[in-house]
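Listed below, chain by chain, are the residues.
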Amino acid sequence: MRIVFKTTYEADIRLFKHGAQAFWYALLLIVAVAAPFLLGDFLTGEATNVLIWAICGMGLMLLVGQSGQASLGHAAFMAIGAYSCVLLESAGVPFILALPLGGIITGIAGGLFALPVTRLHGIYLAIATLAVSVMMEDVIVLAEPLTGGVNGLIAPDIEIFGVNFNRYGNASGLYWLILAIAILIVLAYRNIQRSPLGRAFAAVRDSEISAQAMGINVARTKATAFAISTFMTGIGGALMGHFAGVFNQETFNLVISINLILMIVIGGLGTIHGAFLGAVVIGFLPQAIAFARDGLGSIFHFGSIAIPGLETGIFGTILILFILFEPLGIYGRWVKIRTYFELFPFARRDMFRRQKSYLKTERIR
Amino acid sequence: MDLLQLLISGLANGCVYGLIALGFVLIYKATEAVNFAQGDFMMLGAFLTLTFANSNELGLPFWLACILAVLVMGVVGYLVEALLIRRMFGESQIAIVILTISLGIVLRFVAGVIWGHEPQSLESPLAGREVRLGGLVLGFDDMTIIIVTILLTAGLYLFFAKTKIGLAMQAASQNQLAAYYMGIPVKRVHALVWALAGGVAAIAGILFAAKGTIDPSTGLLGIKASAAAIIGGFGSLPGALLGGLIIGLVEPLSSRYVAAGVSQIMPYLILLIVLIVRPHGLLSQVRAKKV
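For the record, the sequence lines run as chains A and B.
1 is the number of the first residue of the first sequence in my numbering; add one for each residue after it.
1 is the number of the first residue of the second sequence in my numbering; add one for each residue after it.
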């Protein structure tokens, strides 16, 4: 096991803990960049989809994992990002400006939404965000002159300095573009995490009272978390809109909101890795189930079984198993395996036992 | 007169929302957990009654079918607590929220496999019968829903306030450790309240099915009911009913006097306004601790 001696504060907040870690991430980056050469056009498209989910997931992760506020309605902010970006583009703003502007509009909307609701805690906040997601669907339909209602909007091809990033014409180009955006967001996320703001998020998450005692403005910190989170999610939503080509209120419905939060829980709450691992699960699960179904069908000769909703059923079951047996998610499992080998033969089960506490009501403060 | 008619049917709808919200509040009041599968419990209860009562299924007498469905849903609630929720003892609230959301997804899938996705209707003796009072048409179903809901809410309120086990439930949620010290079997109390919530969900399901058709996606009504529970103040039984009634009344009124599309937004808009004005609901259960 490697022991890193930290002698300065800079060493403590370094991006990579040690050289080997930097090496592995560099390798991962090379593989990610080379992926379109290794995969076909179809799989490259799927990988692009996973990256978009991961961008949205990172937005939600910052809110839930870092600042401890649960949102069950982030698809609403994806919708704001997508609609504002595409509407800006149709007003003549080039994509390279429209995308960040869409994100900023979403961030402002999220921050404004956060101002009154950051007083809410736990379940109240969760249901308030859920309500926003439900309302957004109907608001999009009602605001038909702007949003095209049920018919939706057609996202123009992404074009940057004359280069066209059509999903079908230039699949690898689109993949690289979105990979670059994802990396930028990862860097932003990491830098927020190690800045005073990120420390404030963690303090608010772990105990609001102690955070307040340390001189943190809890309401402002929570609202900032909301704004940054919705900014990232808005960018992800805009990309998803462009990736889908045509989108309407159904593209960003409640199911997407729920999937988003389930995704980051499966991946592992509170880590960037978790957002990506969860996105891989969400992105490839439908294909995996279809693949397994066809495989089983051909082995046992019962033809193709078509049970409506099978995918969501399996998805729900996987989630229940994860929450019960691996609440730290895929990334948590990986950390456990890694620690086992690093400490071999000294790893013990109880190293990862979480502290459980007796519950007290939240109705008496 | 037209308005009055609208109000009565809205009241009956609101009572169904209130009954589902009652299930939310029961579990929350006793265990501090939020069961997002409550709407799906309701849907299951309705389908069970349908299986027991409809003449092309088992064809049991209606009242027997209702009692059986309530009992079965009680057992289902008990089992969900004993097998799933109990393992989450001492975990964070959001983990249980996600667990119950996933449970709801699975329950909707299971119901879809067993009963199919076509809307089905319950053969109930209440349907189609009505009393005429002046120009007012009072359906038996609406009347039954309102009466049953009021009785149930009052009964549960008294249960929590007066009986020993009701007090034990409140104690178990307020401070688990202290409740253990007082000799309250906290885990069994939790399982009991989940069974109770299952039974209440079955009653809500029966009353809902008596008014219209059911299909697996009926379970999503739980989302609206959770809004009702929050409007009333999570943790307050009369609050749940109040929240349900507000939503039930606002929906038909807004679709009549504002616009059809608006009526779907109104419940959630009211929820947000209530939360902004009173962050803990209308009949707030949150008190400041005296130091």
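Fair warning: there could be bad hints in the mix.
[What the hints assert, rightly or not] Stretch by stretch, here's where chain A covers chain B in the computed footprint (C-beta under 8 Å, at least three residues): (1) 83 to 94; (2) 105 to 118; (3) 171 to 182; (4) 224 to 238; (5) 269 to 277.
Keep in mind the hints are simulated off the structure, nothing from the lab.
Note that beta-carbon positions come from the ideal geometry of N, C-alpha and C, so glycine has one too.
Going down the list of hints, with the structure as the test:
1. Coverage of the segment 83 to 94 of chain B by chain A holds. Counting CB-CB distances below 8 Å, 8 residues qualify, and the rule asks for three or more.
2. Coverage of the segment 105 to 118 of chain B by chain A holds in this model, with 8 residues showing a Cβ closer than 8 Å to a Cβ of that chain against a need of three.
3. Only residues whose beta carbon comes within less than 8 Å of a beta carbon in chain A count, and the segment 171 to 182 of chain B has 6; three or more means the coverage holds.
4. A stretch counts as covered by a chain when three or more of its residues have a beta carbon under 8 Å from one of that chain; for the segment 224 to 238 of chain B and chain A the count is 5, and the coverage holds.
5. Counting residues of the segment 269 to 277 of chain B whose CB lies closer than 8 Å to any CB of chain A gives 5, so the stated coverage by that chain holds, three being the minimum.
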